[in-house]
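S.K.: Once you have looked at the hints, place chain L on chain Y.
Protein chains in written order, with my numbering: chain Y, 69 to 184; chain L, 63 to 176.
Mimicking DMTMM-like on lysine to aspartate or glutamate, the simulated pairs with C-alpha atoms at most 20 Å apart in a straight line are:
| id | chain 1 | residue 1 | chain 2 | residue 2 |
| --- | --- | --- | --- | --- |
| 1 | Y | K170 | L | E123 |
| 2 | L | K65 | Y | D106 |
| 3 | Y | K82 | Y | E130 |
| 4 | L | K168 | Y | D127 |
| 5 | Y | K170 | L | E118 |
Read the hints as simulated data drawn from the structure, not as lab findings.
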Amino acid sequence: DGGITQSPKYLFRKEGQNVTLSCEQNLNHDAMYWYRQDPGQGLRLIYYSQIVNDFQKGDIAEGYSVSREKKESFPLTVTSAQKNPTAFYLCASSSQAGTSAKNIQYFGAGTRLSVL
Amino acid sequence: AQKITQTQPGMFVQEKEAVTLDCTYDTSDQSYGLFWYKQPSSGEMIFLIYQGSYDEQNATEGRYSLNFQKARKSANLVISASQLGDSAMYFCAMVFYGNNRLAFGKGNQVVVIP
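The shape of chain Y in the complex, shown without the other chains (with noise of 0.2 Å):
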């Protein structure tokens, strides 16, 4: 089945721990992106990465970290710094690196991170 994959489904965070969310496609897609979604509100842009070993801050990078070590993978850590980390973490993907406005990205299942 050709997708993107979230993991875990739910994550919970102890008080100066740092946590990896997991997102992983087989969609052989060159663009990765990892958004941040609160109650009631749109999604918002954490991070992305059109290119392995690349990545760029979105915005609201503080408290995050990502890295691009191959194609497929794109975890992201939310570090210890991040002191309100409680939403729903999605993962995207897609096909084109910017070259093209139709640039359409498709989202895994997503991670809900509490804080204890």
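M.R.: Showing chain L alone in chain Y's frame:
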């Protein structure tokens, strides 16, 4: 900066009826793309339909159509013959040519009643 506005309160629609979801956007650029996504209670964002700013015809995908009025900067989604499975949040989003960054509105809640 891009701004997407979706201001309708939650909507109830009778099964088999059509529903229109409003979306307006603010930009001075000429080249951009508009998207609609559906988010059911499970949380996944599902791509529905795309409209390019230079497309002369309104986009259609099955029961979904996009009423694109460029001069008014609006991109309303029309869902025809509503089904119970259409109950979800619907998000309008926008991207500029050469820029991967999708900007999302706050969404419209739709509940389809039998």
